[in-house]
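This note's numbering puts the first residue of the sequence shown at 1, with every later residue one more than the last.
If you are wondering where the hints come from, they were derived from the structure by calculation, not from laboratory data.
Accuracy of the hints is not assured; some may be wrong.
[Claimed, not checked] Using C-beta positions, here's what the derived DEER-type ranges look like: (1) 11 / 74: 33 to 41 angstroms; (2) 29 / 73: 26 to 34 angstroms; (3) 30 / 73: 27 to 35 angstroms; (4) 74 / 97: 19 to 27 angstroms; (5) 74 / 33: 13 to 21 angstroms; (6) 74 / 12: 33 to 41 angstroms; (7) 82 / 58: 30 to 38 angstroms; (8) 9 / 74: 31 to 39 angstroms; (9) 11 / 77: 27 to 35 angstroms; (10) 12 / 75: 29 to 37 angstroms; (11) 66 / 11: 13 to 21 angstroms.
Ideal Cβ placement from N, Cα and C applies to all residues, glycine included.
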Amino acid sequence: MSATEISAPRSRFLDGLCKTQGYNVVSEGERITVAFEPWAVEQVDAFEMPCLRLDFRQVDGRIVLQRFMVESGGEDQVVNLEAARDALQAWMDSMAD
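Generate coordinates for the entire structure from the input sequences, incorporating the hints supplied.
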């Protein structure tokens, strides 16, 4: 695992997500997909809001972000992880606290 990878302790990160509304977590082997689906929380026009999908892999007790997509209006946009590195790492750290 390199120093530039966006990661957090696996169990603490997943426990943090479980305490937050709107996240759907799917684990398949060493792959984990997390989706923030706004229609899972109380919003007036939640279906018009984008869905955030994050793909992770598990490495040595840590969860490492591999891909971040924004699904909106039937189109997927992949977020440049390096451009958003600090913000994504801060989010993962806050979930793991």
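Taking the hints in turn, this is what the structure says about them:
no.	hint	result
1	11 / 74: 33 to 41 angstroms	35 angstroms, holds
2	29 / 73: 26 to 34 angstroms	32 angstroms, holds
3	30 / 73: 27 to 35 angstroms	32 angstroms, holds
4	74 / 97: 19 to 27 angstroms	35 angstroms, violated
5	74 / 33: 13 to 21 angstroms	19 angstroms, holds
6	74 / 12: 33 to 41 angstroms	35 angstroms, holds
7	82 / 58: 30 to 38 angstroms	21 angstroms, violated
8	9 / 74: 31 to 39 angstroms	35 angstroms, holds
9	11 / 77: 27 to 35 angstroms	30 angstroms, holds
10	12 / 75: 29 to 37 angstroms	33 angstroms, holds
11	66 / 11: 13 to 21 angstroms	19 angstroms, holds
Consistency with the previously given hints fails for numbers 4 and 7, ordered from lowest to highest.
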